[in-house]
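Required output: the full structure, derived from the provided sequences and hints.
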Amino acid sequence: MKKFRMITILLGMLVFGIPQLCMGVEEIEKEAGKEEEKVLKVGEIQVTAPREKEGIVVAPSFTTIYVEEYKMAGTPQTILDILKDRAIIDYRGSSDLVQTNDDIYMRGFDSRNFVTAMDGLSVEKVGGYKGGHFTDFSTIPFAQIESIEIIPGPHSALYSGRSIGGVLNVKTKTPKRYETLKPDFKVMTSYRSYNTQAHRVNMDGGVDSFIYGFSYEKYHTDGYLRNNEADTETISGRFGYILPSDGYISLSASYQEAERESPVNNDPEGRYKDYYDSSYPDTVSGGSPLDSQRREKRPYSYRLNVKQPTSVGEWTLGAYYSHSDQKYYFKQGERERYMTEWNSYGTNIQNEIQLFDDHLVTVGFDYQQLRMRWQKIDESYAGFIQDRWTIIPRLTLTGGLRYEDISIWWSDPDDGPHIKTDYNQVLPKSFLTYELDDLSDVLRDTSVSAGVSRIWTPKSYCQV
Amino acid sequence: MKVNFSYYEMNDYVVSTSDRDYIKESPWSRRRLNLEQVIKEGVEVEINGHIFDPLSFYVSYSYTDWRYHGPHTAPYGDAVERLDDRAKNRVNAGLRYKVFENTLLLLDYKYQEKQIRLVCEEEPEGSDIWNCYDNPMAAYHVFDFAIEQTLFKKRGFIKDAVLKFYVNNLFDEDYENSRGYPMTDRTYGTALSFSF
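Top line first, the protein sequences correspond to chains A and B. Just so we're aligned, residue 1 is where the first sequence starts under our numbering, counting upward by one. Just so we're aligned, residue 1 is where the second sequence starts under our numbering, counting upward by one.
Not one of these hints is a red herring.
Now the in silico label distances, taken between C-beta atoms and shown as ranges: (1) G70(B) to P309(A): 49 to 55 Å; (2) D325(A) to K159(B): 35 to 41 Å; (3) E233(A) to L55(B): 35 to 41 Å; (4) Q375(A) to L151(B): 52 to 58 Å; (5) L55(B) to D274(A): 51 to 57 Å; (6) V284(A) to R67(B): 28 to 34 Å; (7) R155(B) to Y403(A): 56 to 62 Å; (8) N34(B) to V284(A): 29 to 35 Å; (9) R155(B) to D282(A): 44 to 50 Å.
When the alpha-carbon atoms are kept at most 27 Å apart in a straight line, the in silico DSS-like pairs for lysine-lysine are as follows: (10) K153(B) to K176(A); (11) K71(A) to K154(B); (12) K159(B) to K182(A); (13) K182(A) to K154(B); (14) K159(B) to K171(A); (15) K171(A) to K218(A); (16) K331(A) to K273(A); (17) K98(B) to K154(B); (18) K307(A) to K176(A); (19) K153(B) to K71(A); (20) K176(A) to K159(B); (21) K173(A) to K153(B); (22) K376(A) to K327(A); (23) K173(A) to K159(B); (24) K171(A) to K182(A); (25) K71(A) to K173(A); (26) K98(B) to K186(A); (27) K186(A) to K176(A); (28) K159(B) to K186(A); (29) K218(A) to K159(B); (30) K71(A) to K171(A); (31) K182(A) to K153(B); (32) K176(A) to K154(B); (33) K88(B) to K114(B); (34) K307(A) to K171(A); (35) K71(A) to K159(B); (36) K154(B) to K173(A); (37) K153(B) to K186(A); (38) K173(A) to K307(A); (39) K182(A) to K307(A); (40) K71(A) to K98(B).
It is worth saying that the hints were derived from the structure and are not from the lab. Bear in mind that the values here come from a model prediction, so they are computed numbers and not experimental data. Backbone N, C-alpha and C fix where the C-beta goes; we use that ideal spot for every residue, glycine too.
Next comes the structure, spelled out in C-alpha cells:
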C-alpha cells in the first residue's frame, strides 16, 4: 500500500465571533483615549465566574459545544446526535436510531482522515478487514463528557497527521472539589416511538481531595427498519485526586455491552420479494432477511489523565488502553460467523509554558500502538512543538512542527507474515489570526485568519 | 459568525473503486485505488446569536467540492465519481424561543442537497461476492420540534426537573442519508431529567 502525501492550504478563514464569546483565558486590550490610542497589556486573566450558559462557543480556530448546556429537539443517544447539528459533520449511517461505526464524515473526509480524541488522546482502532470499524461513538460514556471541541482543518500540531479533515476532541469533566460529602446525582430517562428508550444515571462526588464518579447508561430500540433492534449498556467510573497545586490525577474506566442487528433487504420487487414483510418500510439495501445478522461487542477502556502546574509550565499526561471485540452472527442463534478483536494503547505528555509574555509554547510527545487481536499493526511516535505568538495585540500566529515516525505491519496478500514498513515525515503547521475588533463597531468580535499546513499520513485503507 | 474557506491539494489519495477488471487483477482483490492528485475545496459558515433576548438561533452551512486531475479512463473514472459522492451543500439551523420563564420551544432544521452514492455489499459477508449499485438520494428538508418545560428548580431534595416533549421529522419527510436505507419517519418522544 502506497503512503499518501498531502498538502493543504487553507486559503482564508474569516471569523466573526459572537458577542457572548467567553474564553477562560483572554488577553485584554484597553483604549486610553480617542485621540491617542494606548494599548495596555494586562496579561492573563483567569475568569472564575460561572460561564454564561451558552451551548455553543465559536472561536477563530475551533467551536466548542458544552454538552450540559446544549439544547436540542430530541434526546441525544451519543455525542453523534449533538455533532449532527453542525453542517461540517455529515451523518451517513443507515438509521438515526441505531448508530454503529464510522457513521460520520467531517469536512467530507471519512473517519480514517479525521481524528476523534478524548482529552487530546486519539480514540482509534486499527480498523477492520477491508476497512471500517475505526470509531464507535457510543463507547464514549455520555455522562463523563463536559464539552466537545470541533477543530476544522489540519492546522494543529498537537494532533496526528491523520487529522486532515480536523479533530473532534471530547473533553471529560475536570475534577473539582466538593463542598459536602453528599454526591451529586443526575437522572435522565426518555421514551420515543419504536420502543426507543434511553436512560442515564450518574453520580459525582468527593471527599477532601479525592473525587469519584460513576455512570450507567442504557439504550434500547426496536428499530425502524427490519431486523434493526439494538441494545447497549454502558458503565463508567472515575477516581481522582486533586493535587495541592490544583492539578489532578484521574483514572477512569468504561465497559459496554452492545448488541445491534443489521437491517436487511425488504423489497417487494427485489430478489427477496418472497420474504417481504409489509409491516416494515421498504428497504432495497441490506442482506438476506433469512440471515438476521447482528453484531455483539464488549468493549472496555482505561484512561489516565494527570495535570500538574509548575513554575516551568503546566504538564499534562494522558494514557489509555482500550479493548474492543465484535462477534458477527450470520444467523440468529448460531455460533458467531466472525469474531474480531482490537487492542489499542496510547500516551501523550506535553508541557504548556508562557514565555516572554508573548509566546505560549506547547511541547509534547505522542505514542500509540494499535493491534488486531495481539498482532501489532500500527506503531506511531510523534514529537511536536507549537507556539502561539502574539506578534502585536491584534495579530496572533500559531505555528507548529510535528514529526511522525510510523511503522505499519501490512498484511501479506500471500498469507505470509505481516510486512513491516516504516514511514516518517515533518509536518509544518501555521495559523494566523488578525483581530479587527477595534477598527469599527461593525467589526466587533471579528477576526480574519489564514492557515497553511502540510498534511501527511501513511495510514489508509486495509492495514489488515 | 465564522466563515471558513478551505483548499486541499492531496497527492496519492486512496479511494474505493468498483471497477471489476481492476479488482480482479489487483492483489488480494483490493477495492482501493490510488489517485495521484485530488483537490478539495470547501466553505463552512457558522452563525450563532440572539435575534432578541428570548429568541436565539444557530445556522451552520457547509459546501464541499472534490476534483481529480488525472486520467478518467478505467479504472479511475469510476473511482473519481465516488470521490464526489457527498452532498455539496448542507444546512443545519435551529431556533430557541423562551416563550415563558420556564418554557422553551426548540425547532431544528436540516437540509441536504441530492447526492449519488455507490453502495457495495458483500453477501454473504466474507464471501468476496460484491453487489454494487448506484443509489441516488434526493435532497431533503427535515424539521424537529420540541417543547421543554422546567418543572421546578428545587423542590425538596430534587433540583432542576425538566420535562421535554419532541417530534422528530415533524413533516414526515421520506429521505435517505447514505446507504440506501430509508431514515426514520415521524417519531414522538418524551424525556425527563432531574438532579439531587
